[in-house]
Amino acid sequence: MNALIAAAVDPNSTFSIPSLSYAALAPILIVLAAACVGVLVEAGVPREYRFNAQLGLTMAALVAAFVAVIAIRRTNTLTAASALAIDPTTLFLQGTILVLAALSVLLLAERSTETGSAIVAQAAVVVGSAADRRLATSERVQTEVFPLALFAVGGMLVFPAANNLVLMFVALEVLSLPLYLMAGLARRRRLLSQEAALKYFLLGAFASAFFLYGLALLYGYANSVDLGEILKAQSTSTKSDVLLYLGFGLLLVGLLFKAGIAPFHSWTPDVYQGAPTPVTAFMASCTKIAAFGAIIRILYVGFSVSSWNWRPIVWAVAIASMVVGAVLGLTQTDVKRILAYSSIAHAGFILMGFLAENRDGTMSQDGLSSILFYLVTYGFTTIAAFGLVTLVRDGNGEATHLSQWSGLAKRSPVFAVAFTFLLLALAGIPLTSGFSGKFVVFRAAYHSAAPLVVIALITSAVAAFFYLRIVVMMFFAEPAEDGPAVSIPSPLSTIALTVGVAATLFLGVFPQPLLDLATNAAKLHG
Amino acid sequence: MHNIALIILIGIPLVGSLIIFSLPEGNDLVAKQIAFILSAVTFIYALVLTFTFNTKGARFQFEGSWVWIKSFGVHFAFGVDGIAVVLIAMSTLLVPVVVLASWNSFDTIEDAEELPRGSASGAADVGSASGAVDGAAVATATTAVVQTRSVKTYFALLLLLEVFMIGVFAATDIFLFYVLFEAMLVPMYFIIGSFGGPRRQYAAVKFFLYSLLGGLLMLASVIGVYVSSGTSSFAFTDLVGRVPTGATQKWLFLGFFIAFAIKAPLVPFHTWLPDAGAEAPSGGAALLVGVLDKVGTFGFLRYCLPLFPEASRYFAKPIMILSVIGILYAAFLAMGQRDMKRLVAYTSVAHFGFIGLGIFAFTTQGGTGAVLYMVNHGLSTGLLFIVVGFLIARGKSRLVGDYGGAAKVVPKLGAVFLIAGLSSLALPGMNTFISEFLTLVGTFTRHKALAIVATTGIILAALYVLLLYQRTMQGTLNPKVGTSASFRDLSLRELAVVTPLITLIFVLGVYPKPIIDIINPAVQATMHDIGQTDPQPHTAAVRGGK
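Protein sequences appear in the order of chains A and B. The first sequence begins at 1 in our numbering and counts up one residue at a time. The second sequence begins at 1001 in our numbering and counts up one residue at a time.
Think of the hints as simulated: they come from the structure by calculation, not from any bench. Incorrect hints may appear among the rest.
To be verified - Just the calculated beta-carbon pair ranges, DEER-fashion:
id, chain 1, residue 1, chain 2, residue 2, range
1, B, 1066, A, 520, 41 to 51 Å
2, B, 1238, A, 358, 48 to 58 Å
3, B, 1238, A, 510, 14 to 24 Å
4, A, 304, B, 1245, 29 to 39 Å
5, B, 1238, A, 316, 35 to 45 Å
Just so we're clear, the structure is a prediction, and the values are computed from it rather than from any experiment. Ideal placement from N, C-alpha and C gives every residue a C-beta, glycine not left out.
Chain A on its own, in the form it takes in the complex:
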């Protein structure tokens, strides 16, 4: 960073105000502005109106931002001194994040299954104290979670667009800090939730430090933090390549951490389990997509040259992720943890898309579009899956232990069928979106990474075992005496769940429209 400052105070360099394309930035600006308004709402609006005001504001902002994304769908430009690349890939990812964030917010706003909501009113109260016990059953609602979510979404919108490492770092922090807080807001099992928040924060801080370190080394190598410049420097720079390799490696560690890819996955199960389930849904879908967006930007734009090869690294982490997700998932007994390990395995599948090459060894458009497609399919399925988990409740809140799910199909057949369908999608059974996604990625990667495809298929078969265990529990086991019941959700969650399940089915049977969209979106600026 010293170098940066040195550059800034260099008397020979003149500083000119960068031109901003406000149209291209509109989605980001709308979300961040609404987040700031949300903070004011928190301060100014009376408590009884606050919840609805915040919910309305948040949804309005997300919808408006989505409309803005559609309005500028043909944009392909660099703006803000080429720090932001608003290109079809960015817009595709931004649109996806906005839709999925809207669904997550609907889940967050669920108040009929839990007194108040899934979010605790005062996260800082000492766990186990009398005040804490009162909180669990109090009607009080915490509404700061909505602006927090909006800030996180704002960061997520910038993250895949960042064409400049410093901006990417800022976006990383903007999206992460609210998430650290949100992870600690669970109304029930406060200790687990706080542990999750602390763990996520500490490990996340480490990851950020790695990213920053890598950034500094790359700056030393390329004399710029701009991805285009870094790319150019790789063929012209006279500096030691050690800087480049180390810088790239450290940068990647930070991003792999956010995307929950092994061996940087260890936070995932704990945080997914401890965080309030709607927040988990939000993290599992939106954060993952944003993180992959940044990885796309780094790998396709900043390091796309074939003069040196980072592919072995991606091979290794992809295999590690698939194996860790599938094998460790087998030993889990908590539904949320199972879904967490599933997300690790899925991250490995998505990584395969980066290994798709054209016949001349350059990175293929097919690979990029397959990643984009997969991210959408996975996002919808995982939101719906976590959303359904919130409905299984007993006297102590959500019942997520596998044994508590025994015989659920007898009491709530519709729930069980829907959840089974989502699990089949996660397992990649045909006629679900999970299969379309896997097929697209495997097809793209087959030419250049056939052994990896075989490994992926074998790990899919292994992973199928733990998805099936849940199905077996629900359908074939006998209901427990005082087992949990499936709550009837409010219309808000119902919408979110219906959309998630319907998208999983639709994209499995008719993937063509989204395939076309992803193919058209697989164009990066620069």
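Position chain B against the provided structure of chain A, taking the given hints into account.
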């Protein structure tokens, strides 16, 4: 090419399934009636298609093709050749029969099968690996039998299964075939898992995982065929002859082969079948062994041979040796079984050895014999499972040792049992004899030693079938059988179930020509695809003259 004949065939059971699923709980009789009527209509319609199939016409008929996923070149394409059309006819016959056979299975406590003492030790060796799932299965087994099971779900699943069964035989697009091949697992999984015997959870999961693993390997090969052939289409006819030869073809062949070998099942991929066959309800087991397993052998003929001719020739010898091992090994295992359903499952493994032999002999006789065998085996093993199911419904036990002298009490049941058994051991005059004979002759012209060793399988088959019959039906009357009030002879419904199957067993045993005429051109087309011609018959004198 927008012929909707096959779409209608698939549509009838699909509509039926959806109607039954949406019926309110409690309308069991309506559910059964709808299932029976629609599956019967499906069968009649399939029969019409079979008889209008032009044996001198194109290889694929009733073809209909619609674009499904444009970017991949995936088509929603159906069409049948002679092999597929007879298998569809056989499958659609079995469904109404099974529906009728399962009519009362879930109304009373007839499904209260005891945990077989004999299989408990057999369970231990495989059970230790299965861990928690298996433990849970045994723990809940005692309470499971008193639970009422959703009758309509069972019949809706049967019809759904029929949809996929027809689809998988009729698909002419490899992608579509794969999709249906995998989707077929789901209804069967629930049939076993929800309506099966005491260890149904374990059996269902094992069945699903084995098939899924095979299916995923096949998916790798499907993508590989698509990428390496250089076409942008998954249509079967576009891909034949386009797969590059050499190592690529061998690897891709193995992907398909393992999937089909697990499905078939061929030794050593067979271990799921005894569990699944024993735990599935008898009707489900009849479809599982009678139809689903045929998809594996059908896949060998339809996909492995034409797509990978070079690799097929390369691997033929080891596969045939495995088939012969399967015939003998499974026969010995069948003899040692105390559980009747496991026994029947093992006999099937042995029979699939013959089918594998016939297919990989690369002769017209062998191929025709193999296809005929698939049809006949569906009929005879389907019947055997159904009859065993009748017996279990009366005796409440799957153990051979709990019966004895039963034919004295239930003579009609005993007679049907004997016919099913004799058909299974390929007695001349029965349907299976001709197919077994053809496969062996077809094998003999190429591989004499293998054919001779395989022939001993016939003797072993006589042993295990007749021993089973003798121990359950003949000899001194087991007091449990004699005193049980539920031990009545076959009812009118049950007679109606077995009559069509028995009729076909005899008719096809004497006059199989109509079916062979349909099968033959398709088998010859397959032989042409792999570039094999039948070896010329020669005598010792001719050879001496060389």
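Hints and how they fare:
1. The hint said 41 to 51 Å for the Cβ distance between residue 1066(B) and residue 520(A), and at roughly 24 Å that hint is violated.
2. The hinted window of 48 to 58 Å between residue 1238(B) and residue 358(A) is violated, with their beta carbons roughly 24 Å apart.
3. Restraint check, residue 1238(B) to residue 510(A): a C-beta distance of roughly 23 Å satisfies the suggested window 14 to 24 Å.
4. Checked against the hint of 29 to 39 Å, the pair residue 304(A) and residue 1245(B) passes, with Cβ atoms roughly 35 Å apart.
5. About 37 Å separates the C-beta atoms of residue 1238(B) and residue 316(A), a value consistent with the hinted range of 35 to 45 Å.
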